[in-house]
Amino acid sequence: MTMFHFFNCAILTFGPHAVYYSATPLSEYDTLGTSIKAALVYLGTALVKLVCLATFLQVSENDGFDPYQELLKALIGFIDVAGLYFALTQLTHRNISQNHKFQAVGLGWAFADSVLHRLAPLWVGARGLEFTWDYILQGLEANANLVLSISLAALGSLIWLRKNKPKTLIPIIYACAGIVATMPSITSYLRRGLGWHFPKVVGFELFTSLVMAFISWQLFSACQRPST
Amino acid sequence: MATSKKSGGLRDLLEPMYSVIALLFILVACVELCDAAAAVDVYRLIQYDMSGSPFGSRFAALNHHASSLRFPPGADLSRTVLIIPLRELNITFVREYITQKKPLGGLLFLLPEVLSFKHGGNKQVHEKEKMKKLLAELEQLLVNSNIPYPVYFAFENDDIDTVLTEIKKNDAMGQPATATTGGYKLVIPTAEPKKVASPTITNIQGWLSGLKADGDANQLPTIAIVASYDTFGAAPALSVGGDSNGSGIVALLEIARLFSLLYSNPKTRGRYNLLFGLTSGGPYNYNGTQKWLRSFDQRLRESIDYAICLNSIGSWDNELWIHVSKPPENAYIKQIFEGFSNVAEELDLKVGLKHKKINISNPRVAWEHEQFSRLRVTAATLSGLSVAPELFESTGGLFDGRQYVNETAIFRGVKLVAESLARHIYGHQGKDVQIFADESSLAVNPAYIRSWLDLLSQTPRVAPFLSKNDPFVMALKKELADHADEVNVQHENLEGIFTFYDSTSTRLNIYQVASVTFDLLLLLVLGSYLIVLFCFLVITTRGVDDLISLFRRPPSRKVKTA
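As they're listed, the protein sequences go chains R and D. If you use our numbering, the first sequence closes out at 228, no skipped numbers anywhere. If you use our numbering, the second sequence closes out at 1562, no skipped numbers anywhere.
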């Protein structure tokens, strides 16, 4: 029953992306090209991050939380944000409304992230006879990541694509974007510094992703009011 | 020309690609085997045929769920492996299962860690006698039955203990592990065991020449000292035979060393030749000894005054036995026995004489001296055992490890044999002369005995699994060559009525598996989650009408065509 388990974990990890694409108007407007381009941009960003990490980061002996190293990792994490900026602004899209653009970019981004980080461990590990909860938790993490990526793309599009924003909301937008961008550092601090176990960390990620999605949805609809 | 060059270049480019792809495939295939909950070294029960009848465990591969002894009564065990630690072993239960041929997926016996020669070390064994008796009974039962499923032995360690407690907990809740209820799965992925092609037995003999006076045309008389070095047990990878017959080998080597010291100087060389024999094939009715004797020149055989066979002299307290097949009234036997008794008195130990007639028609040879007696050579066996062992009894079984051998017993045995032989050779019978006195240059060396005993207690020596050039056999030959003038090695085939099968030790993987119901449940949950997600997204982004319209489309098409 090991291929069965692999199949289960695979649909948990990659299913929501497909469901999101088919359920929302993205499929009607045929934004697949945008998503694929966003995925490729993610690959490029990942490569650049890898090179930077390899050059600047020192491998620590113990699994503890080293603030300096984590700060460095967070700075390198901002390359992610740069990649997202590139995907949102520089790629030539067909005439898609801004609403759908950020969704397509976020979707492609999250899908590439899942494939790169979770497909190989899933293929190697979930097919064995030995049963662990790890792969199911990993799938839940992929779901949280999807929501976070879409929120980040939304906030990003608000920051860079929308020109007339209510003045009061701008700091909130930047603050939320900052929080979402530094999520990886926060989770690694929780795991290493506070010693939280994997299920707890995944639960935290799911909760925060839902909260951030709600906040960014509210911000987005608030910014949309002047133009309608 | 150009195209072939181009295709050649392309081929060159693709070649490293092929190796990379192949490497990737291998990696992908291999990695899935390394994630077990526990991996343990296990040793298989011996599998052999005797005169065509099969004995032992006939299978090696294992892929079943595990269960402990607390399984619910009436459960179907034909696809379950029973894990039985030795302290919970109920021999009547096992005997019932085997003799009544009840279906079982497999048996895994857990032996206490002290018995392991890799990790046990020299720790003391609690309740030695009880464990020895239990193991001997279990071994006799397993070795003499035909078992149609795999039987393995393993040593207890922390991993397997935790697994066993978990299994016991599950069994107590009335849920034996099957494909639908999860639990632990034991997997041993070996191939089917194959016959060992023409097993060889190797006899090693060492010759110490005596002092031949000038003008003496007759051949000097010879005294032979023999010990068999191979073992047989329920788990051939664990049959180290500390007492049977490691003690005999060690004693023989020490006696050879002492006499080689004496014989190195022509002034102290005796007028007897000494023939040392390390024979193989002991458990199989001393087959090796028989072949060795048959290979002798008639003159050599006739020149043997007598032979002393050493067998299990490592675990006795105060009494040693001399077993003979010629009647005790025989002059030669009397002489030998008196010689030994005199020395024994001085060393403060007892020696008894036991007579067992040979039955020529019975192929069973219980003692090594019987092979000599069948060829009319006077011989006796010195042993700590008082009763003749049955076939495959006292041949180095599961309990016969380092803990069951006593160095002091071997020390005293060596002294007894060496003194008695020396008195016979140098004609000091009845005189109170100590040749191998303690503190002298000819003292028996306890360190030598200890180091060889330690080595032997870590070397399993079942003859069919020892190749012709096995390093241990070579080591014995080299050691004997250090002490003797001339060493010969004789390779023979083990007699045809025995056939052995390989695959004696392997690695067991224990996996914790989830049941099929769990997987199905998970699939159900995930399916409903995705459907709910889908509906939620449709409702929030397109509106409820769109969702309803998704289900209404097929009927509307039918209306159109109609």
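No lab work stands behind these hints, which were simulated from the structure alone. Since the structure is predicted, the reported quantities are computational estimates derived from the model, not experimental observations. Wrong hints could be hidden among the right ones.
Claimed, not checked - Cβ pair distances, simulated, as ranges: (1) R:R192 <-> D:L1089: 20 to 28 Å; (2) R:L57 <-> D:F1472: 48 to 56 Å; (3) D:Y1448 <-> R:A120: 54 to 62 Å; (4) D:R1507 <-> R:V48: 38 to 46 Å; (5) R:S188 <-> D:G1527: 30 to 38 Å; (6) D:V1525 <-> R:S188: 54 to 62 Å; (7) R:K200 <-> D:V1516: 42 to 50 Å; (8) D:P1072 <-> R:T182: 50 to 58 Å; (9) D:T1162 <-> R:W133: 17 to 25 Å; (10) R:L47 <-> D:C1535: 55 to 63 Å; (11) R:F7 <-> D:M1173: 48 to 56 Å; (12) R:W133 <-> D:Q1100: 39 to 47 Å; (13) R:L57 <-> D:R1507: 35 to 43 Å.
To be verified - Far from chain R, by Cβ distances over 10 Å, these chain D residues were calculated: (14) P1054; (15) R1058; (16) D1076; (17) K1128; (18) M1173; (19) V1187; (20) N1265; (21) S1386; (22) E1393; (23) S1451; (24) Q1512; (25) A1514; (26) L1526; (27) T1541; (28) R1542.
Said to hold, decoys possible - Computed footprint of chain D on chain R, listed as stretches where at least three residues anywhere in the stretch have a Cβ under 8 Å from a Cβ of chain D: (29) 34-45; (30) 125-134.
Just so you know, even glycine gets a beta-carbon here, dropped at the ideal spot from N, CA and C.
Verification of the hints:
The hinted range of 20 to 28 Å is not satisfied by R192 of chain R and L1089 of chain D, whose Cβ atoms lie roughly 48 Å apart. At roughly 53 Å, the beta carbons of L57 of chain R and F1472 of chain D sit within the given window of 48 to 56 Å. At about 58 Å, the beta-carbon gap between Y1448 of chain D and A120 of chain R stays in the expected band of 54 to 62 Å. Under the hint 38 to 46 Å, the C-beta atoms of R1507 of chain D and V48 of chain R, about 44 Å apart, fit the expected range.
Evaluation of the 30 to 38 Å hint for S188 of chain R and G1527 of chain D yields a pass: the beta carbon distance comes to about 33 Å. Take V1525 of chain D and S188 of chain R: their Cβ atoms lie about 29 Å apart, and the range 54 to 62 Å is violated. For K200 of chain R paired with V1516 of chain D, a C-beta distance near 29 Å fails the hint of 42 to 50 Å. The beta-carbon spacing between P1072 of chain D and T182 of chain R, approximately 55 Å, falls within the hinted interval of 50 to 58 Å.
Restraint check, T1162 of chain D to W133 of chain R: a C-beta distance of roughly 18 Å satisfies the suggested window 17 to 25 Å. Taking 55 to 63 Å as the suggested C-beta distance range, the pair L47 of chain R and C1535 of chain D does not conform, at roughly 38 Å. The hint said 48 to 56 Å for the Cβ distance between F7 of chain R and M1173 of chain D, and at roughly 29 Å that hint is violated. The hinted range of 39 to 47 Å is satisfied by W133 of chain R and Q1100 of chain D, whose Cβ atoms lie roughly 43 Å apart.
Our hint of 35 to 43 Å for L57 of chain R and R1507 of chain D holds, since their Cβ atoms are close to 38 Å apart. Every C-beta of chain R lies more than 10 Å from that of P1054 of chain D, the closest at about 32 Å, which supports listing it as non-interface. Listed as a non-interface residue, R1058 of chain D keeps its Cβ farther than 10 Å from every Cβ of chain R; the least gap is roughly 25 Å. Listed as outside the interface, D1076 of chain D is consistent with that label: its C-beta sits roughly 20 Å from the nearest C-beta of chain R, beyond the 10 Å cut-off.
A cut-off of 10 Å between C-beta atoms confirms that K1128 of chain D is not in contact with chain R; the least separation is 39 Å. With a minimum CB-CB distance of about 18 Å to chain R, M1173 of chain D clears the 10 Å threshold, and the non-interface call stands. Its closest Cβ contact with chain R, about 7 Å, brings V1187 of chain D to no more than 10 Å, contrary to its assignment away from the interface. Residue placement check: N1265 of chain D keeps its beta carbon more than 10 Å from all beta carbons of chain R (closest about 65 Å).
Its beta-carbon lying about 52 Å from the closest one in chain R, S1386 of chain D satisfies the requirement of being farther than 10 Å from that chain. With 10 Å as the threshold on Cβ separation, the claim that E1393 of chain D sits away from chain R holds: the shortest Cβ distance comes to roughly 41 Å. Against chain R, the non-interface label of S1451 of chain D holds: every CB pair exceeds 10 Å, the least being about 42 Å. Not every Cβ of chain R is farther than 10 Å from the Cβ of Q1512 of chain D; the closest lies at roughly 6 Å, contradicting the non-interface assignment.
With a least CB separation of 4 Å from chain R, A1514 of chain D falls inside the 10 Å interface cut-off, contrary to its annotation. Interface exclusion of L1526 of chain D from chain R breaks down, the closest Cβ pair being 5 Å apart, not more than 10 Å. For T1541 of chain D, the condition that its CB be more than 10 Å from all CB atoms of chain R is violated, with the nearest at approximately 4 Å. Taking the minimum C-beta to C-beta distance to chain R, about 6 Å, the non-interface status of R1542 of chain D is violated against the 10 Å cut.
Coverage of the region 34-45 of chain R by chain D is violated in this model, with 0 residues showing a Cβ closer than 8 Å to a Cβ of that chain against a need of three. With 6 residues carrying a beta carbon less than 8 Å from a beta carbon of chain D, the region 125-134 of chain R meets the three-residue requirement, and the given coverage holds.
Consistency with the previously given hints fails for numbers 1, 6, 7, 10, 11, 19, 24, 25, 26, 27, 28 and 29, ordered from lowest to highest.
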